[in-house]
Structure formats: C-alpha cells, structure tokens
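Student: According to the working numbering, the sequence shown is numbered sequentially starting from 1.
Treat the hints with care, since some could be wrong.
[Stated by the list, open to error] Think about it this way: if two alpha-carbon atoms lie no more than 30 Å apart in a straight line, the pair counts; the simulated BS3-like pairs of lysine-lysine are:
1) Lys70 with Lys635
2) Lys506 with Lys150
3) Lys549 with Lys722
4) Lys635 with Lys615
5) Lys38 with Lys506
6) Lys41 with Lys193
Derived from the structure by calculation, the hints contain no laboratory data. Keep in mind it's a predicted model, so treat the numbers as computed, not measured.
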Amino acid sequence: MGYCLLRGVLFVALAAWTSADDGPVTFVSELSSKPAQKLSKYGWYGNVRLQKFHIPEETAVARWLFSVTKGHTFHCGQHNVTIYIQYGAPPVINPTETVFPNATLWSPCLSLILPVTSQSSMTFNLSNPAPGDWYIGAHLPEDDGRIEQKGFPSCSYFFQPQLSIRRAVDTPILQPDTIIQQTAAPDRPARLKLYVPEFASSLSVSVADCSLEDGADSGNCSLVLRLGSTSLQHRPVTVNCSGIGCSASLSNPPWDTWLRVVVESRLDNRTVTFTIASNCTVGCKPKSVGLETDDDISRLRGNSSSTDSTAASNDSVTADPVTSSNGSAPACVWSISVIHEEVDVLSLRFTPASGANVSVTDAHPTLLVYPLYTQATGGTLNLQLTLNTTNVTLGNSSSVVACLSPRAPVLQLNHSQSCGTALFGGYSLRVNASDPKAVVRLPFPQSTTWYLTLQLLCYSNDCGNTSSVSVVPEVFISACVEDCGTYGECRLLRSYSYLYAACVCKAGWSGWGCTDDSAAQSYSRQLTATLLLTLSNLSFLPAIVVAIKRFYITEAAVYLFTMFFSTFYHACDQPGVAVMCIMDYDALQYCDFLGSVCSIWVTILCMARIRHAFKYSLFMLGALLIAMSMQLDRKGLWNLLGPVLCAVLCMVTAWVYRGVQRRRCYPPSWRRWVLFLIPGATCALVGVCLYIFTETEDNYYYTHSLWHLLVASCVVFLLPPKEKNREASGWSRGWSWSWRPRVCGYTLCQSDKDELYTVT
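Model the full assembly from the supplied sequences, consistent with the hints where possible.
Tutor: The structure is reproduced here in structure tokens:
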C-alpha cells in the first residue's frame with residue numbers, strides 16, 4: 001500500500017566525456033505517486049494527511065506535483081489547502097498558533113498554500129535535496145467547530161502528491177588528498193561526492209587552477225562551490241570563488257556519510273576548467289577493543305535487565321578514552337557506550353552502559369551516541385540532564401554544558417562555542433549548582449544518529465573542590481509530550497506502515513501537548529455541561545410512565561434502557577474532568593445509539609396498531625437488524641433513516657388499510673390529530689433539525705440536551721391510547737392476575753368478544 005504506484009526508470013543514453021548537456025554524469029529519472037486521500041479541516045494533528053517519500057543518494061533535482069480535486073459537483077467556494085514539506089521526520093506544525101509545552105523545541109517547516117475551487121495543482125522544485133525520507137502533510141483550513149452528521153453530502157477534497165526525481169548514477173568520487181580535473185558550465189555544474197569517515201573533526205575542499213576554455217580572462221572564473229545537500233531547514237555551505245581558486249572548510253562535518261560537492265559557473269556561455277581536491281582530518285579515534293566480546297556481553301548482562309537490549313554500534317561497552325589516530329596524543333574526548341532498549345511502540349530508552357551516572361571533566365568532552373531509526377521519528381525525543389551534587393561541590397560560577405546535535409558531535413565546548421556543527425544546528429543545555437536539572441523535548445526528531453557532548457566549564461578557574469562531576473543523562477523516546485497532560489489523550493496514528501503519535505485535546509485546551517489554556521473551559525462549565533446532558537435524559541420518565549399506564553410494557557422497557565445508557569454515556573463522554581464511566585466507553589456508546597434507534601422503531605410500530613404477534617415479531621427483527629447495522633457503522637446516516645422509513649411505511653400502510661376499510665380518515669378523531677399527532681410530529685421534526693443542522697462543539701451541550709427533551713416529549717404525544725380489548729388488570733392477552741374458578745376440574749374460559757362462559 002505504501003509503496004510507489006509508479007516507478008519507472010528512464011535511461012538517457014549519454015556517452016562519457018562528450019559535449020552532451022549532462023557532461024560526464026549519467027542521469028536517470030524515477031517517478032513515484034501516492035494514492036489520493038480525503039482532506040480534513042484542521043483541529044488536531046490527526047486531521048493532517050501524511051505521506052512519506054524516499055529520495056535516494058545522488059539526486060540532483062526533485063520535483064513534487066501536488067493535486068487537489070473536489071469530490072462533489074455542488075458549489076463549495078474556494079478553500080486554501082496548506083501543504084507542509086519536511087526532511088527526516090514528519091512536520092511539526094502550529095497552524096492555530098498555540099503555545100507549545102515548556103522545554104519543547106521545534107523548527108518551522110516549509111509550508112505552501114494551494115487555493116482550490118474545483119481542481120488545482122502546483123509544483124515544487126528542489127535542487128540537490130538531502131537523501132532520505134521526506135514527509136508531505138496537507139490539511140484544509142481550521143475546523144469551525146460545526147458537527148457534521150455522517151452520510152450527508154458535504155464539500156470533500158482529495159489530495160494526491162507525486163514525485164519525480166533526476167538522479168546521477170556515476171558521480172565521480174573525490175578521494176582525500178587526490179587532485180582531479182573537472183569542467184563546469186552554467187547549465188552543467190560539476191558534481192562530485194566524497195566520503196566523510198567517522199570521528200572526522202574537519203574537512204576542507206579547495207578549487208585551484210581555474211581557467212576558461214578559450215583562455216580569455218583566466219584570472220576570474222566566477223565559480224560557486226557548494227558543500228552539502230538541501231534539507232529546507234539547512235542549506236549547503238556556499239563559497240563564491242572570484243579568482244583562480246578558493247576553498248571551503250567544515251568544522252565538525254557529518255560523520256559516516258557521503259557529502260555532495262557541486263561547483264557551478266556564473267559566466268554565461270563559458271565553460272570553466274579547474275582542479276579540485278579534499279582533505280579530511282580525523283583528530284580522534286576510539287581505542288580499539290579488538291574482537292573479544294565475552295567481557296562486553298557479561299557487562300551488558302550486568303547493566304541491562306532487558307534481553308532485547310543492545311549496545312550502540314561502534315562503541316565499546318566500557319567508558320574508554322578516545323585518543324588520536326596514532327595513539328600517542330592525549331585523550332581529547334571520553335566515549336561512553338549506550339544501551340538502547342525498545343520498551344513499546346514509539347517507546348525507546350537509552351541507558352549508559354557504565355551506569356546512570358556519567359563522569360564529566362573540564363579537560364575534555366564526554367560523548368554519548370544515540371542512533372534513531374525511522375520507526376522512532378514518530379514520537380518525541382526527551383533529554384533530561386540532572387547534576388549529581390551528592391559527593392561533590394560545584395562552584396557557583398561553574399556549570400556543565402551539553403550539546404545535542406544530529407549527524408555529528410561538537411568535539412569541543414567552551415564559553416564561546418555555539419551548539420552546532422558545520423551543516424546542522426544543535427540544542428544546548430546547562431546545569432549548575434543553582435539549577436541542577438535541564439530538559440529538552442524534540443517532537444518528531446530526525447532519523448539519524450544523535451550525539452550528546454558534555455563538558456564541565458569553569459569560570460575563572462573555579463571548579464569548586466573537584467575537576468570532575470557526575471551527571472545523569474536520561475534520553476528516551478515517548479509517543480507524546482508528557483502523555484498529553486490532564487486534558488489530552490495520546491493517540492497512535494498510522495500512514496500506511498509508518499506509525500506516529502499526536503495529542504487530541506479536550507475541554508477547550510489546545511497545543512502540541514494540550515497545555516494551552518487560552519480557550520480552556522472552567523470546571524463550572526464542564527460540570528454544567530455534564531449535568532445538562534445527563535439530567536435531560538430524565539425527560540424520558542413521563543414517556544415510561546405513560547407507556548406503563550397504557551400497558552405498553554415492552555415499549556416502556558426500551559425507553560428505560562435508552563434513558564439509562566444515554567445518561568451514563570454522556571457522563572462518560574465529557575471532555576473535561578467532570579466525568580464518570582460505569583463501564584467501557586465503547587460499550588456505553590453502542591448501547592446509547594442502539595437504544596435511541598430502537599425507541600423510535602418501537603414507537604412508530606406501536607402507532608401502527610397492528611396485531612400483537614406481528615408487532616412483537618417486528619420488534620425483535622428490527623432490534624436484531626439495528627444491532628447489526630450499529631456494529632458495522634455506528635454513526636452512519638442510514639442506521640437512523642432505515643428503521644424510521646421502514647416503520648413509517650408499516651404505519652402508513654396500516655392506517656390506509658383501516659381508512660379504506662372504514663371509509664373515513666384514520667385516526668378518526670380530530671382531537672387525536674390536533675392535540676397529539678401534530679404536536680408530536682412537530683417536536684420530532686424540530687429535534688431532528690437541531691440534531692443535524694445546528695450542533696457545534698461550542699453549543700453541543702445545549703442543543704443535544706434540547707434534543708433529549710424534544711424526543712422524549714414527542715414519545716408522550718405520539719404513543720397511542722390504551723387498546724380497548726386489553727384486559728384491565730393484565731399485560732397481555734391470555735395472561736392475567738385475575739382469579740378464575742374451577743368447576744369439577746374444568747376451567748371457565750372467558751371470551752373477549754362476546755363475554756360468554758363456556759365449559760371446556
């Protein structure tokens with residue numbers, strides 16, 4: 001389902017080192033498309049339609065086509081569809097401009113607005129996109145709060161994204177300390193790639209010997225050197241070359257990845273020839289642990305209680321100092337191995353293999369590595385740093401600084417060093433004696449390796465009584481921020497095979513973690529809503545009393561069932577804290593919907609005045625069919641209209657038959673029409689109009705309570721009078737509380753028609 005529907009590879013026959021448009025690089029095209037999805041108005045993140053695309057390595061150009069089509073022919077006006085594009089993880093959005101929870105950091109993603117009347121489309125082009133997963137989200141404008149009944153025609157829009165890429169298949173590799181010659185033209189930039197190894201501290205790429213093809217003005221080639229890919233939030237490092245050469249340097253480049261190098265010419269109709277070379281410095285490498293793993297496994301068992309725990313790759317289980325590549329230089333970073341354990345869906349916990357406490361010094365940074373895979377990007381990355389002040393005393397002017405960065409660590413922290421690497425930004429924390437705890441939360445973190453660098457900074461050489469302190473770094477993935485708090489519910493969402501989570505808020509609370517109380521309902525309003533929706537069901541008591549008085553016991557039982565479950569369903573359905581649930585919410589909802597439709601069904605059939613055997617057979621058959629339809633689609637429109645239309649058809653047929661047989665209108669009394677049938681039908685019609693057309697989230701507890709009153713009132717009006725042929729003291733024919741004499745073993749039987757006694 002989640003795979004591309006269309007994936008074609010179109011090879012362009014290009015000979016190497018010819019004057020073709022693409023130069024020495026061969027390009028192929030790949031197309032992918034996703035199924036159309038129905039858009040929803042934005043109320044929470046679950047209304048966003050999320051799609052995931054994968055862009056492979058060496059992609060030169062990516063082009064998205066976004067199409068929106070209206071589902072119905074009637075006029076709906078113009079609506080703006082908001083489209084989001086994010087690299088590495090789903091987009092974190094805030095269209096309603098709500099307040100995020102404390103210590104929650106996020107970066108705005110690219111958003112596009114597509115006006116739609118009947119059918120619209122737009123394209124978005126991106127040069128040199130970063131390889132990996134890209135996420136597309138779309139939704140309609142903010143929800144106006146109107147409650148739309150399922151089954152009624154409404155304005156619907158369908159969103160379909162498509163992706164076309166152009167990928168190089170033979171990009172030249174730029175080896176370290178190797179000079180190669182390249183050419184660049186305005187329409188044919190030189191494309192290369194180089195591999196950055198792990199533990200690289202710096203990288204430089206230099207362009208030299210720049211000359212024009214015709215030899216004119218060789219002293220100014222006007223080249224542009226770009227290092228890295230485009231991920232919308234981060235741009236490549238760009239250097240403008242104005243002479244015969246230039247260079248670009250990266251401090252803390254991304255580790256263990258291919259880096260894209262693009263050289264463009266700014267001269268019109270001129271081809272530039274140049275040489276290019278790279279140099280990578282690996283300042284620190286970990287001490288080799290060899291191939292023996294017995295000690296590592298024993299330590300792993302001793303530090304983890306979970307059998308599924310595994311140590312992070314490329315790290316030793318013990319805390320080893322990282323030394324220089326030749327092994328003679330002093331330690332420059334302290335590497336701590338990390339164990340990660342999968343607790344549940346979107347629940348991942350990282351633990352240092354050497355214990356919860358991590359030693360941090362002022363001599364060199366301490367490094368911890370946290371690999372995040374695609375399955376973990378749908379949750380929230382939580383980092384809590386706690387300073388352990390039990391055994392040491394930290395000076396007032398000293399603190400432990402931390403930097404959480406993706407793809408590459410910051411290998412040196414000081415007072416002026418910013419928390420960021422060459423191509424990506426980071427998130428900084430600081431703990432000290434006065435503030436021993438710091439927290440950072442990142443919703444939807446990127447799928448990559450994250451690095452946490454810790455170091456003790458001493459101002460004025462004042463570190464207290466020690467140059468080493470202990471901190472407790474707690475890093476874990478949770479589905480939602482603090483489980484959405486008191487007024488929210490964390491829900492697991494799915495886009496094909498990809499899982500992610502979001503908060504749905506209640507009682508007027510809003511925000512990413514349901515912490516924005518700008519429109520929150522007060523407790524008195526929540527209590528008022530609960531009392532109105534529950535106590536309004538007591539209006540069924542007159543209907544129950546009237547039904548029992550007229551010997552409609554089955555109907556009275558149905559009304560009692562409806563009143564009971566409607567009362568406790570609405571007591572459990574409240575969005576705030578004024579909630580009481582006597583059983584599972586789903587069971588209460590099912591019984592409420594079932595009782596409501598069955599009440600209408602038995603009332604209309606009772607008005608038909610058909611024979612008892614036929615009527616009770618229809619009661620049972622209708623209840624079974626209604627129960628089946630409720631199980632299939634509880635909120636479907638035809639679950640209500642179907643039984644109502646069938647019951648009305650039976651009633652009209654019976655009334656017409658009696659009218660033809662008696663040669664006059666049925667019911668014959670004008671008082672029955674004026675005082676009962678017309679007021680009852682009016683109550684029912686007004687109630688249905690309120691239920692379907694006027695209910696919103698703001699006035700729900702007013703209009704729905706009025707719906708309860710009107711439905712119960714119409715039952716009192718529409719329920720027919722007592723049948724004359726019913727026994728005065730009995731509930732059914734053939735069964736009575738009255739005493740009958742027995743004469744010589746025989747029973748005296750009474751005929752309801754002629755009231756004659758016969759001996760049987």
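Student: Run the distance test for lysine 70 versus lysine 635: straight-line Cα separation, threshold 30 Å.
Tutor: holds (24 Å)
Student: Is lysine 549 within 30 Å of lysine 722, Cα to Cα?
Tutor: Given that 30 Å is the threshold and the Cα spacing comes to 8 Å, the pair holds.
Student: Starting from lysine 635, check that the Cα of lysine 615 is at most 30 Å away, please.
Tutor: Holds, at roughly 27 Å.
Student: Would the pair lysine 38 and lysine 506 pass a check requiring their Cα atoms to be no farther apart than 30 Å?
Tutor: OK: lysine 38 and lysine 506 at ~24 Å, within 30 Å.
Student: Verify the proposed pairing of lysine 41 with lysine 193, using a straight-line Cα cut of 30 Å.
Tutor: violated (44 Å)
Student: Between the alpha carbons of lysine 506 and lysine 150, is the straight-line distance 30 Å or under?
Tutor: holds (21 Å)
Of the hints listed earlier, the one the structure fails to meet is number 6.
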